[in-house]
Amino acid sequence: MRRTVGALLRKELLVELRTLESVPAMSLFAVTTFVVFHFALQRSSVDGDLAAGILWVTLLFAAILGINRLFVADADQGGFDAFLLAPVERTALLVAKALALLAYLVVLELVAVPAFALLLLGPPLGQAMPDLLGVLALGDLGVAAIGTLVAALAVRTRARDLLGPLLALPLLVPIVIGGARATSPLLALGHAGDPPGRWLLTLGLYDLVFGLIAYALFDFLLED
Amino acid sequence: MAGVQVEGLSRHYGEREALDGVSLSLSEGQTLVVFGPNGAGKTTLLRVLATLLRPHAGEVRVLGSSLPGDAWEVRGRIGLLGHEPLLYRELTARENLRFHARLHDVAAGRVEELLARVRLEHRADEPLRSLSRGMVQRVAVARAVLHDPELLLLDEPWANLDPAAVELVDPLIGAESDPARPRTRVICSHDPSGGLAEADVVLGLRDGRQALLRGAGDVSPEQIAELYR
Chain G
1 MRRTVGALLR KELLVELRTL ESVPAMSLFA VTTFVVFHFA LQRSSVDGDL AAGILWVTLL
61 FAAILGINRL FVADADQGGF DAFLLAPVER TALLVAKALA LLAYLVVLEL VAVPAFALLL
121 LGPPLGQAMP DLLGVLALGD LGVAAIGTLV AALAVRTRAR DLLGPLLALP LLVPIVIGGA
181 RATSPLLALG HAGDPPGRWL LTLGLYDLVF GLIAYALFDF LLED
Chain U
1 MAGVQVEGLS RHYGEREALD GVSLSLSEGQ TLVVFGPNGA GKTTLLRVLA TLLRPHAGEV
61 RVLGSSLPGD AWEVRGRIGL LGHEPLLYRE LTARENLRFH ARLHDVAAGR VEELLARVRL
121 EHRADEPLRS LSRGMVQRVA VARAVLHDPE LLLLDEPWAN LDPAAVELVD PLIGAESDPA
181 RPRTRVICSH DPSGGLAEAD VVLGLRDGRQ ALLRGAGDVS PEQIAELYR
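Chains as they are written, first to last, in the working numbering: chain G, 1 to 224; chain U, 1 to 229.
Hint data in this document are derived by calculation from the structure and do not stem from the laboratory.
For clarity, every value in this text was computed on a predicted model and none was experimentally measured.
Mixed in with the good hints there might be a few duds.
Residues from chain G that face chain U, not an exhaustive set, calculated with beta carbons under 7 Å [unchecked claim]:
(1) A7
(2) V15
(3) R18
(4) A82
(5) L84
(6) L85
(7) A86
(8) P87
(9) V88
Quick reminder that beta carbons are idealized off the backbone N, C-alpha and C, glycines included.
Build out the structure end to end from the sequences listed, making use of the hints.
So, in structure tokens, the structure goes:
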């Protein structure tokens, strides 16, 4: 299966590199949203709960853009059929797509977090960065599992642009809540402490549960 | 052994019956040519045989395996050339074929061999979107036969091809590409004389129903033309 995942992931990243359809749109959306928050809040800087909320909500909506496009090339150009005709495990497609989405989220955060620190965040990020990266990674895993599942479900419907966000948003809200709660002390003035363990645990469990649900359901989503 | 055996196959899309009670039998190594007007159910039949669509009624056996239950047994032994090339427009011909080669566990050398046989080595590193439709069809043919399938399902395989290109792809999709292992083929066609020349068995479809099923020797081009009236 590793070989198949490798082939699918390579194809996925090549197509994104050539089309630049997902990651630039996600990054641009995030930066624009921070600019809008900057003016809408009429504050030069934010910290604590508000900063964590803005960061996670922005990342969530930017992720939706990537989720919506995750299977579009496959659905429009026959990639699904070609994959289904191959003697390979269906799960390989789930893993490859989730890894691709994870890669998109990492690139998004490489752009969005410094932009957030520059445009909105009051306290310096330096000290909080290692913990913040850990919380973001936990959130990304959940977004990748749920996003891949929802994208596979939505892409075969006529209203895929509407159905994707409608299905994804309620499922992703717990990640935003957990992520924001875990991030809040990291972005507080004077760095109020480590991320609360129970929210990290919540995020980890949520990732695990949806990883298993995606694994169990994905084959059926590809069937006629 | 029967290459394809279908008994009472029905398939619908919502209220519309795309296939209704189709039955046929095709021995290994034989070629079935399916004729019928647009919307007659030809593509649906191919997609059912390719394991991409489930039959809603009836029994379907492909290369000895019952569908849809044992579909996993025959995936990888079927080559499908449909209306869509099943290739990514942003990737080059070589990248597309190498991607499919990895999925089918085929050596990279086969990709180069096929690019040479469809005479596209010189354009193999250009994105597919920059190639003409005929060239894309040649890449699609190479993709369909990349893993040397036992059953070839071809939906108007000569579409978009000029006479020179037809000469290039014919040996690849022919029944006797490998004399040691004759290929079973199902071909959808609108060309009565060309289709009959390829056929061992002829199936005529009209509105999803079987209007004709005979040996190729017992069918005239006029009878096929009648299907379209």
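Here is how each hint holds up against the structure:
1. For G:A7, the interface hint holds, since its Cβ comes within 7 Å of a Cβ in chain U; the closest pair sits about 4 Å apart.
2. Given the 7 Å rule on beta carbons, the hint for G:V15 holds: about 5 Å separates it from the nearest Cβ of chain U.
3. Hint status for G:R18: holds, given a least beta-carbon distance of 4 Å to chain U, under 7 Å.
4. The interface hint given for G:A82 is met, as the beta carbon of that residue sits about 4 Å from the closest beta carbon of chain U, less than 7 Å.
5. Hint on G:L84 holds. Least Cβ distance to chain U is approximately 6 Å, under the 7 Å limit.
6. For G:L85, the interface hint holds, since its Cβ comes within 7 Å of a Cβ in chain U; the closest pair sits about 6 Å apart.
7. The closest approach between the C-beta of G:A86 and any C-beta of chain U is roughly 4 Å, which is under the 7 Å cut-off, so the hint is satisfied.
8. This hint holds: G:P87 has a C-beta 3 Å from the nearest C-beta of chain U, less than the 7 Å allowed.
9. Here the hint on G:V88 is kept, as its CB sits about 6 Å from the closest CB of chain U, short of 7 Å.
When each numbered hint is compared with the structure, no violation occurs for any of them.
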